[in-house]
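Here the protein sequences line up with chains P and E, keeping their order. Quick note: the first sequence uses my numbering, first residue 17, plus one each step. Quick note: the second sequence uses my numbering, first residue 6, plus one each step.
Treat the hints as calculated values from the structure; they're not laboratory data. Where is the CB? At the ideal position from N, CA and C, for every residue including glycine. Any given hint might turn out to be false.
[Unchecked claim] If you only want the chain P side, here are some residues facing chain E, beta carbon under 8 angstroms, derived:
hint, residue
1, Val204
2, Arg208
3, Leu210
4, Ala211
5, Ala214
6, Arg220
7, Leu222
So the chains spell out like this:
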Amino acid sequence: MPERVVPSWLQLLLAMLPGSLLVGAVWLDPALASPLADGHAVARLPLDAAHLALLALAVTLVLAGGGWELATGAYAATAVSKAMIVQELLLLPALPAAAAGLFAAAVLGGLSGALAESLRRPAWLTSALMLAVALAAIAGLAAAGLPPAASGSAPARLDLPGLAGIPAAPAALLGVLVTLPLLLRGTVMGNRLLALRADPRRARDLGIPVTTTRISLHAAAGSIAGLAGLLATAQPSPDVVTGAVTDSLLAVAAAVLGGGLGAHFGIACVGTVVAAVTLVAAQLLLPPWLLAAGIALLVLAQLWLSRPRRVAAADVR
Amino acid sequence: MSDVLAIAGLAASGLGGARLDGVDLTLPEGSITALLADSPASAGLVVAVLGGLIAPTAGRISLHGTPVRAWSPRHALCAGIGSAWRPLGLLPGLPVWRSLVLGGALDRRPGLAPLRESVALAGLALETARLGLGEDELRQPPEALPVDRHGLLLVARAFGAGGTAVLLDEPTLDQPIETAALVLARASEARAAGTAVLLATTNVQHAWAVADRFILLYRGRILAVLGRTQTRREELYRAMFGAQDYQDLALQLQRAGAGAAAPTS
């Protein structure tokens, strides 16, 4: 029985707020809806949604194993580095590139987890350091003319095969959604994660290897983020650098608004909604900062609503 | 009988202001050692340090005669030492079987190894049944169980994990006499199997019923180590109920010229 955090009605309303506002705007001015007729944009939605939902699931794993400050910093570094590496690896044939990209993303995730574990205090310093590493990676790669998209030439396109008629992106998301709960409930590592999520101090006292578990979680999250990166490369866009950062933030938002560990389908749904809202906002030519600010407000509201309450110490002798 | 665990010159501080200062103690294999302290928190602190739950500020812990360098709950469990320290709680919101299984033998396999509920419950069935715990209790989260069952579940966990040594902190506190008897009988079984058992308790009767040795801990220091043939139950009662306190008090009163009480032994 994994811990399941079900969003309250207020949290669900908050999650639906951006979409509601956009629908309201279109209702007030039907002319705004004309860009939605763009078939290309609509076709992109499944891929974008799967990409964002996978990233959100990866974020959820990291969040479950550590603190907020720690997770966001570590994840930002992982996601950005992953996006860079996957882009570079597109210069290779598709299959080796995909395998190497996933492996590299897992290793990067594990390394960032190890760094985060060795710098556990203070958490804000760890976060700042991880973000600095991410920014340095972006700057370094940009200076070196990588990824190819940054220098103006389009990167190779990775054609991912579908599964039984289902396109690759939804199939990958479905696979993760089915596999993740099974791994959480039915494996040693999954049970350790549940214990860590329930009470890290008690988990340590019960003999669970907390540090190893956290590093493994980062590696697993890196793998899922790498899968999301592979999906993203099926539709390369010239703004891959900023896209990786924005996606990371959106993924954190979807993870929070979706309900956290145990609510995988909720996260996937909110990820889809956020991707759709982002797509529609882009079609409506809304300034990106407005969308980012709106989502940030929603995340803050959700964090405030789900803040831990004080409880009486009941386990003292 | 060789010593499974030994501590020398141990100093530590823990919950409730409990402290240990220069404690030397050994746990021989195939024996039950009762630790009787003036403060339950001090006795619990010995269990916590030996179980790797609290790091000592000074002193040395030896396992089978070899000093250990790193010592944590994980290290202790891997060495076959199970501990039931009362402040150690079960994992909140999760079925109890997870708290009993994690950290144990099933948890020492690779991360992706399967760990199914049915397998875990089957592995726990024998140990928990010995202490009168039902399978339905293992499926509940701790919040759904009475507090006295939490302590018993931790005792079951300690016996399950402790092939080498079992460290029990007040295992019979708040338990009905039938359950206390089951716990003490299980400790005797473990002794017969060659396990070293440390029984930290304030209940002299329970200690006297099963223990081979008695260690008296007074204000964080060892006052006496007595074999079963070297003492009587009444002497242990007197020690537990303040004989040393009274001696110290009488001495101080005499020094202050304010008391007529003569120290008694």
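Tested hints:
no. : hint   : result
1   : Val204 : holds, 5 angstroms
2   : Arg208 : holds, 6 angstroms
3   : Leu210 : holds, 6 angstroms
4   : Ala211 : holds, 5 angstroms
5   : Ala214 : holds, 4 angstroms
6   : Arg220 : holds, 7 angstroms
7   : Leu222 : holds, 5 angstroms
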